[in-house]
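Enquirer: Protein sequences, first through last, are from chains A and B. In this text, residue positions in the first sequence follow my numbering: the first is 147, and each later residue adds one. In this text, residue positions in the second sequence follow my numbering: the first is 2, and each later residue adds one.
None of these hints come from the bench; they were simulated from the model. Be aware that one or more of the hints could be misleading.
Reference listing, derived: stretches of chain B covered by chain A, where coverage requires no fewer than 3 residues with Cβ under 8 Å from a Cβ of chain A [to be verified]:
| id | segment |
| --- | --- |
| 1 | 44 to 52 |
| 2 | 107 to 114 |
In silico DSSO-like links for lysine-lysine, alpha-carbon gap of 27 Å or less [as the list claims (entries may be wrong)]:
| id | chain 1 | residue 1 | chain 2 | residue 2 |
| --- | --- | --- | --- | --- |
| 3 | A | Lys203 | A | Lys161 |
| 4 | B | Lys70 | B | Lys108 |
| 5 | B | Lys50 | B | Lys72 |
| 6 | B | Lys50 | A | Lys203 |
| 7 | A | Lys203 | B | Lys108 |
| 8 | B | Lys59 | B | Lys70 |
| 9 | B | Lys50 | B | Lys70 |
| 10 | B | Lys50 | A | Lys157 |
| 11 | B | Lys50 | B | Lys62 |
No experiment lies behind these values; they were computed from the predicted model shown. No residue lacks a Cβ here, since even glycine has one placed at the ideal position from N, Cα and C.
Below, each chain spelled out in residue letters.
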Amino acid sequence: GAGVSQSPSNKVTEKGKDVELRCDPISGHTALYWYRQRLGQGLEFLIYFQGNSAPDKSGLPSDRFSAERTGESVSTLTIQRTQQEDSAVYLCASSFAGGGGETQYFGPGTRLLVL
Amino acid sequence: AQSVSQHNHHVILSEAASLELGCNYSYGGTVNLFWYVQYPGQHLQLLLKYFSGDPLVKGIKGFEAEFIKSKFSFNLRKPSVQWSDTAEYFCAVNAPNQAGTALIFGKGTTLSVSS
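From just these sequences and the hints, can you work out the full model?
Expert: In structure tokens form, the structure reads like this:
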């Protein structure tokens, strides 16, 4: 497809389990972002990848959160030892380049529920 | 703390009414400004953006926004709303000198339009 895709669309897990969320950006987009949206809140920036540069991890809330990206393609966000406060919609976005004025194209999100 | 504020949490209008959604931010210096919209069951998409030039920006579906630097505002307007404008609207700011390339989002405004 032409847009950003994410999988799974929904994930229910038990507290303490690890989860892995996947993002496929738009082909040719060098920049990729992960955001989190808790209920009733705006989107919170988590991490940013730009080409082969070191990622900007300044938004990751704890060391339980990590993300990887292979080149300029797929990215995975991993949450270890999930907690109930991790319940949220996790959104991925990509843009053609990494400048702040670039339009970011969002995927449908993964809705995570930690029981 | 530096932030993006959307003043209205939920706005209810009748069709043909005029719309103005407020957005204020607290970042100084250069900013790139965005309004994103999320229609029911769909993912976030760009409505319009400002990064330089004419402070009155026109977007899709008859929406416009005005950047007023002295007021740190970027309010969204539409002269006559339609039922299909029912959605959640997010203001977002990129402040490259202070917050890198990430978008900082407001908490969103839910617009309900009755026919």
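Enquirer: Can you name, in rising order, the numbers of the hints this structure does not satisfy?
Expert: 10
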